[in-house]
Amino acid sequence: GAVVSQHPSWVICKSGTSVKIECRSLDFQATTMFWYRQFPKQSLMLMATSNEGSKATYEQGVEKDKFLINHASLTLSTLTVTSAHPEDSSFYICSGGKGPLGSSYEQYFGPGTRLTVT
Amino acid sequence: DAKTTQPTSMDCAEGRAANLPCNHSTISGNEYVYWYRQIHSQGPQYIIHGLKNNETNEMASLIITEDRKSSTLILPHATLRDTAVYYCIVRVIGDMRFGAGTRLTVKP
Numbered sequence: 001g002a003v004v005s006q007h008p009s010w011v012i013c014k015s016g017t018s019v020k021i022e023c024r025s026l027d028f029q030a031t032t033m034f035w036y037r038q039f040p041k042q043s044l045m046l047m048a049t050s051n052e053g054s055k056a057t058y059e060q061g062v063e064k065d066k067f068l069i070n071h072a073s074l075t076l077s078t079l080t081v082t083s084a085h086p087e088d089s090s091f092y093i094c095s096g097g098k099g100p101l102g103s104s105y106e107q108y109f110g111p112g113t114r115l116t117v118t
Numbered sequence: 001d002a003k004t005t006q007p008t009s010m011d012c013a014e015g016r017a018a019n020l021p022c023n024h025s026t027i028s029g030n031e032y033v034y035w036y037r038q039i040h041s042q043g044p045q046y047i048i049h050g051l052k053n054n055e056t057n058e059m060a061s062l063i064i065t066e067d068r069k070s071s072t073l074i075l076p077h078a079t080l081r082d083t084a085v086y087y088c089i090v091r092v093i094g095d096m097r098f099g100a101g102t103r104l105t106v107k108p
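If you're matching them up, the sequences are chains R and P in order. Everything in the first sequence is counted per our numbering, starting at 1 for the first residue and increasing by one. Everything in the second sequence is counted per our numbering, starting at 1 for the first residue and increasing by one.
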């Protein structure tokens with residue numbers, strides 16, 4: 001398989017501050033990167049999709065001005081939660097797509113970042 | 001996208017085969033069947049995927065019915081570490097969208 005890392009693995013921040021989460025594909029170039037959010041006892045919800053050098057595409061209901069995504073290279077994407085509030089507390093997971101769409105396409109996930117906003 | 005239906009939970013005895021079913025009756029011809037699993041508080045782990053033929057790798061086997069309306073993930077010799085939520089996803093384009101999945105509990 002392929003490896004995706006996230007940093008930090010957990011973070012606690014105060015309400016109103018901004019938090020940046022990094023996602024790196026360590027041994028492959030991710031043509032596309034994805035950001036998900038998971039609340040306790042719920043499934044993963046796709047937040048946005050980004051391609052290197054392009055603006056991210058956000059899912060309906062996800063505020064693009066609050067969740068800033070930068071995809072600077074084929075191995076690095078960042079998610080910045082701006083003006084965080086307690087309701088933003090969640091498990092944030094990124095993933096990278098490897099290979100062309102079709103039989104050889106695989107998507108690998110990072111270990112997740114647990115954000116707690118106090 | 002095709003909708004998938006999975007049982008909410010299943011139990012399996014350690015050492016036995018775990019067979020996890022998934023219904024995807026509205027699957028279209030160019031959609032792949034992917035399986036991922038998520039162990040508590042970790043990111044999802046890719047298991048296997050297929051289009052129409054059965055597939056096998058070091059982790060599992062994927063059996064897809066001839067009409068492609070359902071599939072079964074088989075873990076041949078389940079261990080306690082296989083306890084997780086298993087997700088069946090049907091997609092043609094890249095982004096994986098997760099349903100509720102099946103919570104598999106492997107018991108000693």
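Some clues are possibly wrong.
Lysine-lysine pairs mimicking BS3-like chemistry, simulated, CA-CA at most 30 Å apart [to be verified]:
no., chain 1, residue 1, chain 2, residue 2
1, R, K64, P, K3
2, R, K41, R, K14
3, R, K20, R, K64
4, R, K55, R, K20
5, R, K66, R, K55
6, R, K14, R, K64
7, R, K55, P, K107
8, R, K41, P, K107
9, P, K69, P, K3
10, R, K64, R, K41
11, R, K41, P, K3
12, R, K14, R, K66
13, R, K14, R, K55
14, R, K20, R, K66
15, P, K69, R, K41
I should point out that these hints are in silico values taken from the structure, not numbers from a laboratory.
The hints, checked one at a time:
1. R/K64 to P/K3: holds (27 Å)
2. R/K41 to R/K14: Holds, at roughly 24 Å.
3. R/K20 to R/K64: Holds: R/K20 and R/K64 sit about 14 Å apart, inside 30 Å.
4. R/K55 to R/K20: Distance ~17 Å between R/K55 and R/K20 Cα, so the pair holds.
5. R/K66 to R/K55: holds (14 Å)
6. R/K14 to R/K64: holds (21 Å)
7. R/K55 to P/K107: violated (46 Å)
8. R/K41 to P/K107: holds (21 Å)
9. P/K69 to P/K3: Holds, at about 11 Å.
10. R/K64 to R/K41: Roughly 25 Å between the alpha carbons, so the hint for R/K64 and R/K41 holds.
11. R/K41 to P/K3: Since the Cα atoms of R/K41 and P/K3 sit roughly 21 Å apart, the hinted pair holds (cutoff 30 Å).
12. R/K14 to R/K66: Answer holds: R/K14 to R/K66 is near 16 Å, not above 30 Å.
13. R/K14 to R/K55: holds (28 Å)
14. R/K20 to R/K66: OK: R/K20 and R/K66 at ~12 Å, within 30 Å.
15. P/K69 to R/K41: holds (28 Å)
The structure is inconsistent with hint 7 alone, although it conforms to all the rest.
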